[in-house]
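**Student:** Chain by chain, the residues:
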Amino acid sequence: MVPVLELHGITKQFPGVLANDHIDLTLYQGEILALLGENGAGKTTLMNILYGLYQPDAGEIFVRGKKIKVHSPNDAIAVGIGMVHQHFMLVPVLTVTENVMLGVESLKGGVFLDRRKAAARIREISEKFGLAVDPNAYIKDLPVGVQQRVEIIKLLYREADILILDEPTAVLTPQEADELFKIMRSLVAQGKSIIFITHKLREVLAVADRIVVLRQGRVVGEADPKTATQAQLATMMVGREVKLTVKKTHIEPGDVILRVENLKVLDDRDNLVVDGVSLEVRAGEIMGVAGVQGNGQTELVEALTGLRPVADGRVFINGHETTDASPRKILELGVAHVPEDRQTDGLVLTYPVADNLVLNTYYLPPFARGVVIDQQTVVKMASEWVHQFDIRTPSVLTSAGSLSGGNQQKLIVAREFSRPIKLLIAAQPTRGLDVGSIEYIHQRILEKRNEGCAVLLVSTELDEIMALSDRIAVMYRGKIVAVVDALRVNKEYLGLLMAGVSPEQVLVPEVIEEEVEAVF
Amino acid sequence: MTTTTATPSAAAMRATRAYIRRSRIYGIVFIAIALAMYWLFAVGVDRASVTTYTLNLGPVPAEQRLPDWVVPSYTTVTLLTMLAVAMGAYQLVRGFGRATTVMLGLIIVFFVFSFLTWATRDQSINLVGMLKTMVQRAVPLTIGALSGVLCERAGVVNIAIEGMFLSGAMFGGLVGSVTGNLWIGVLAAVLVGTLLAAVHAVLSIRYMVDQIVSGMVINIFSVGITSFISSKFLQVFQELNNPGTFKPFALPVLGKIPIIGPIFFEGNIFLFGMYILLIVVHVALFYTRWGLRTRAVGEHPRAADTLGINVFRTRYVAVILGGAVAGFGGAYFTLGSVGRFDELMTAGRGFISLAAMIFGKWMPFGAFGASLIFGFAESLQGKLSILKVPIPSQFLLMAPYIATMIALAGLIGRAVPPAADGKPYTKDH
Amino acid sequence: MAQLAASPPSAPPLWRQIVQTVAMPLLAIFTALVAGSLLIILTDLEVLVALRDAPGRAPAAAWKAITTAYGALWQGSIGSPTQIVEALASGDSRAIAQAFFPITDSLVTATPYIFAGLAVAVGFRAGLFNIGVEGQLYIGAITSVWVGFAIKGLPPIIHIPLALLAGPAGGALWAFIPAILKAKTGAHEVINTIMMNYIAFRLSEWLLSYKGPLKRPDSANPVSPFIEKSAELPRFFPDPIRFHLGFFIALGMAAFVFWFLFKTTWGFEVRTVGQNPDAARYAGMNITRNIIIAMCLSGALAGLAGANEVLGVNHNLALAFSPGYGFDSIAIALVGKSHPLGVVLTALLFGTLRGGATRMQNLARIPVEIIDVIQALVIAFIAAPAIIRAIYRLRQAGPGAETVFTRGWGK
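For the record, the sequence lines run as chains U, P and E. Position 12, counted from 1, in the first sequence is what my numbering calls 12; the numbers after and before it change by one each time, with no gaps. Position 157, counted from 1, in the second sequence is what my numbering calls 157; the numbers after and before it change by one each time, with no gaps. Position 310, counted from 1, in the third sequence is what my numbering calls 310; the numbers after and before it change by one each time, with no gaps.
Just so you know, these hints were derived from the structure itself, not from any lab. Quantities reported herein were computed from a predicted structural model and do not represent experimental measurements. A couple of the hints might just be wrong.
Derived pair list, reagent style BS3-like, types lysine-lysine, alpha-carbon separation capped at 27 angstroms [said to hold, decoys possible]:
(1) P:K427 with U:K67
(2) E:K229 with E:K152
(3) P:K132 with P:K247
(4) P:K361 with E:K184
(5) U:K128 with U:K117
(6) E:K152 with E:K215
(7) E:K184 with P:K423
(8) U:K422 with U:K247
(9) P:K427 with U:K69
(10) P:K256 with P:K383
(11) P:K423 with P:K361
(12) U:K182 with U:K128
(13) E:K263 with U:K380
(14) P:K247 with P:K383
(15) U:K226 with U:K182
(16) U:K248 with U:K422
(17) P:K132 with P:K256
(18) U:K422 with U:K380
(19) E:K215 with E:K229
(20) U:K140 with P:K361
(21) U:K422 with U:K329
(22) P:K427 with U:K140
(23) U:K140 with U:K182
(24) U:K329 with E:K184
(25) U:K128 with U:K140
(26) U:K140 with U:K117
(27) P:K132 with P:K383
(28) P:K361 with P:K132
(29) E:K64 with P:K232
(30) E:K211 with E:K152
(31) U:K108 with U:K128
(32) U:K491 with U:K248
(33) E:K229 with E:K211
(34) U:K329 with E:K263
(35) E:K211 with P:K383
(36) P:K423 with U:K140
Just need the whole structure built from these sequences, with the hints factored in.
**Tutor:** Structure follows, in structure tokens:
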């Protein structure tokens, strides 16, 4: 086997974190190398260094035996390295052709863009590798799966032969992911080499030729997908044995707390993205909402919490109608909301921890007397919560922005769970967190359920949905296509529903295998 | 297992309902404008009154003279009202769909024309002269808006156009006076605009100063420095403030077209410079590599960065080019129009060109169209003092500002700025 | 609230924090003044002549230009120490009044700066860039002068508060328009407040024009009638010292704004909306209401600045009576870091500068507009502290707390 890419002793220090610590890595011609590690292990940093977006503090990079310096993406592109980023790097208002040719434009007369020539080459590439896409379509009109194809075409257009795919399946259904794996196979068959970054064990075992595991910025080991098990990989990733299942006791659901009737919601561009959703969530049950990102879950949560106007239909919380009620009224009915984007919606990063802890209760006694805020009480209660919820912070007066992601999420949980609540709406509550924090948050959500709180859990991580939910609603293109008992379904079944296959066509599995997949 | 089956028409119905509601609002607005038009400009007007629009500009040889256009005042307004009401009714019942905005524009034109017809009853007004003034007044506004388009397409908000105008005007006039050469004056104005833009670029790109604060720095600095030099030198030594102006001329073929020629193709170098800039900026932005990269940087700088495009350099280039354009626009005030620098002579036109840019949806020709509207407001206010309309001139002077606010409020179509407009770019997340 | 309380355990001692907070603005002002002196030198005729004829004499001429200019600035703003000592020794009340005139008049000039600076600061705290303070100030002056002269026969105890309240009412109304446009349509307040400024200027032109509603009939100038004696803010010393009650009202307003912003639930909401509107909405705060509250409070403070000028200093309304208090106040709020205490201190400094600048124009023939140039530089240096750090080779301090910044178009 011929090494096409070698990294020696790559080190990168960020303020407070050693993101990469003397990493050695070799990629051979025509293989799919999986780079496995949990969130924050340093995978993306390493690849950004390789792609020239960051400069390493130490270390060397060799491509086909030649030492190279990568100062900018241009240098990486020049030696045939291409990268598909976790967040797509596509300009929504430009066409596929414009996005693909950007940076390596074909020109007429040395000045004007030759869109036709570029489009012809795109067609050529898409036929050769089986990546169907319309060169003249605008990116903003394309579904995510197709956008990802455009990203791959971008690399092939530049004749890259070392392809880096950073968490490419995060936005795909299991079936779409399988489709992507086929494309990856056909790419390596035609001589390309791929580095596949992920934290999903199933995918690693499904597609990789070789697995390298990263933990806390270091390479902690290599594994062969033919012999490795998910449990082994999970232990390597996390550095300790991982509890793979969450203990859940059966409790009888109580009254209906959340009732949604034929709800319709428009997005910012006036598209109907929640299309006639009806749901009931009872006290003491967790209703999981599964679905690929962008199928209306975000807007559904926003409408339920009063952040987005309801176009049609009705919402009742604990017997009160809350259709188009203000966020405050909904909060006051005992609704806790763990928002999808914690840094944008959940926190004021420049505020101290204490202020963030009273962000939605500051006006109520004991924090306020009339319009005057009682600062001492705020600080006193905040200190208690910091202790109780194990938020690691130097002081309650430290700004929330300086906490780690896990502690920021704990801060939100502390704020939302310390109020008397009847309904918990949690959207992607563990996105981007390390395993320790994930376990903690899951535990807290289960506690709330056991206390008799109704929980609506929205997540794109099927494993999370399966582990926590009592019932699961599958959302596809703004509709709830099925509501199923969590104990009676498996992942493949849900995956098909998430991909839009109608429930009648999917056979309900008779035997449920115990699957070992709880590392997210 | 519960499945919600929503009929496919539910989505369509919902969208249709929103569309119908919007159409209704527009329909009501159309009819309201029509009725206001009748009430203001037709009621109480003598049926025998006529309005005379003259169509000749300056001394024209007898054989080329166009006859005056005489219309009955009351009947004209009434007809326009009926037309507008009919349009409103159609809008209420069926809706014009995509043409709604155009129809709204048409009704506003009716309104303005009715107003003119009413104000000029039993008198005459030079329509061609008025439209010519409109185009002339639109020149600096368009140039300023083009400066804004260049900067903002690359993702840098430029509210410093006013300051660049002012400095360009002062230094253009000063250098023009000292050298006795208007062209060198223009060059100086362009250089000053470039320099100020470079400061704006360094502050907002390198130091990541809030772009609006940075723009205000340029504006305040320009007010200070131009007034300082003006009161220290220009007012003391008159010969430093007497550059003269470029002479107007007509384009060979286009200038000969009756009515259109004198309005659009007769003027000094600033008018033709504006046309050239319009075409160049439009073609450069949408048909060249440079434009594609600039727009990508303004929409999604990180995407551009990952493709090896230097975001910072692209932004510097765009902002500095924008500054050069604004400096050229500034020279219009001293070298193209007044022939002298007066303190604060730009009177907020930099801000109005910004509004024209927004109104024109960040498109060069859109900005030109919007500038023509503002230019018309200015032109109108000059004529009205002659017509003895019972409105104090100060209120007419307010019109462009109020129009700007209405345009900004998005009453005429919502404008979407480039996605990364105003956001500093950093390499790390 | 809490961020003003005790420092975190690991933070440096209090005095160092204070030095760190104050050092930047002071260095920014100092650097701007140095740059201003360059402008004075380069536009000084004697220096230019010296450079042409005898370059050796140029440094001396430059030194003379600077000392004359800044000497005049000092005398015009603080007064001459020797004159003060002599006047006190002589015991002559007129001499004393004259000696103390510059410094008391600097306080008089600082007063509208405090109001206007607070106005901009309140806007910044809510994430709003109110460039319309100047226009709101004019409207405040108009409403207040009208109440001052049109209502007759009231005792001062009623007339003064009434006239004083008319100003903030007018200013708040003027600010309400861009506020509602921002809240409801997302139209950017920067452009709209600038437009409202021009509209206010035109309105005041019309009001004071020939046969305008507020025009004093027996005057050739565009001025309003004088206000009733009963509406004048009391002065504390005999003429020519104009030091009046407004200064203490301004200090009171600063204390009020501090209390409002940092001690009340209303202020907490306004600041949260300014720092992160998404989080504010999520936490149940009403964005529209808070934008309107903040903008109206800002406008009211601006209106108070106008009322203060007509009721305390001019006693009538003249066309273009404000030398740009509203625009200068942007710099004041930025230098004062949008904190009421910072605003008061900066306003005192700027009042002193502006007070002296007039004298500088008379004595040293330096146009007052040099203050605009200096202010622009101060804003630039405060907004880009990296420049100051580079000049003085300072190390980067810790990350700042709440930053003051605007948002793009219509967001």
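**Student:** Compare the structure with each hint and give your call.
**Tutor:** Structure-based check of all given hints:
{"no.": "1", "hint": "P:K427 with U:K67", "result": "25 angstroms, holds"}
{"no.": "2", "hint": "E:K229 with E:K152", "result": "10 angstroms, holds"}
{"no.": "3", "hint": "P:K132 with P:K247", "result": "16 angstroms, holds"}
{"no.": "4", "hint": "P:K361 with E:K184", "result": "20 angstroms, holds"}
{"no.": "5", "hint": "U:K128 with U:K117", "result": "17 angstroms, holds"}
{"no.": "6", "hint": "E:K152 with E:K215", "result": "17 angstroms, holds"}
{"no.": "7", "hint": "E:K184 with P:K423", "result": "23 angstroms, holds"}
{"no.": "8", "hint": "U:K422 with U:K247", "result": "22 angstroms, holds"}
{"no.": "9", "hint": "P:K427 with U:K69", "result": "18 angstroms, holds"}
{"no.": "10", "hint": "P:K256 with P:K383", "result": "25 angstroms, holds"}
{"no.": "11", "hint": "P:K423 with P:K361", "result": "19 angstroms, holds"}
{"no.": "12", "hint": "U:K182 with U:K128", "result": "14 angstroms, holds"}
{"no.": "13", "hint": "E:K263 with U:K380", "result": "17 angstroms, holds"}
{"no.": "14", "hint": "P:K247 with P:K383", "result": "23 angstroms, holds"}
{"no.": "15", "hint": "U:K226 with U:K182", "result": "18 angstroms, holds"}
{"no.": "16", "hint": "U:K248 with U:K422", "result": "20 angstroms, holds"}
{"no.": "17", "hint": "P:K132 with P:K256", "result": "14 angstroms, holds"}
{"no.": "18", "hint": "U:K422 with U:K380", "result": "25 angstroms, holds"}
{"no.": "19", "hint": "E:K215 with E:K229", "result": "19 angstroms, holds"}
{"no.": "20", "hint": "U:K140 with P:K361", "result": "19 angstroms, holds"}
{"no.": "21", "hint": "U:K422 with U:K329", "result": "14 angstroms, holds"}
{"no.": "22", "hint": "P:K427 with U:K140", "result": "25 angstroms, holds"}
{"no.": "23", "hint": "U:K140 with U:K182", "result": "25 angstroms, holds"}
{"no.": "24", "hint": "U:K329 with E:K184", "result": "21 angstroms, holds"}
{"no.": "25", "hint": "U:K128 with U:K140", "result": "25 angstroms, holds"}
{"no.": "26", "hint": "U:K140 with U:K117", "result": "23 angstroms, holds"}
{"no.": "27", "hint": "P:K132 with P:K383", "result": "12 angstroms, holds"}
{"no.": "28", "hint": "P:K361 with P:K132", "result": "25 angstroms, holds"}
{"no.": "29", "hint": "E:K64 with P:K232", "result": "18 angstroms, holds"}
{"no.": "30", "hint": "E:K211 with E:K152", "result": "22 angstroms, holds"}
{"no.": "31", "hint": "U:K108 with U:K128", "result": "26 angstroms, holds"}
{"no.": "32", "hint": "U:K491 with U:K248", "result": "19 angstroms, holds"}
{"no.": "33", "hint": "E:K229 with E:K211", "result": "24 angstroms, holds"}
{"no.": "34", "hint": "U:K329 with E:K263", "result": "24 angstroms, holds"}
{"no.": "35", "hint": "E:K211 with P:K383", "result": "22 angstroms, holds"}
{"no.": "36", "hint": "P:K423 with U:K140", "result": "21 angstroms, holds"}
Figure legend: structure checked against the earlier numbered hints; every hint is met.
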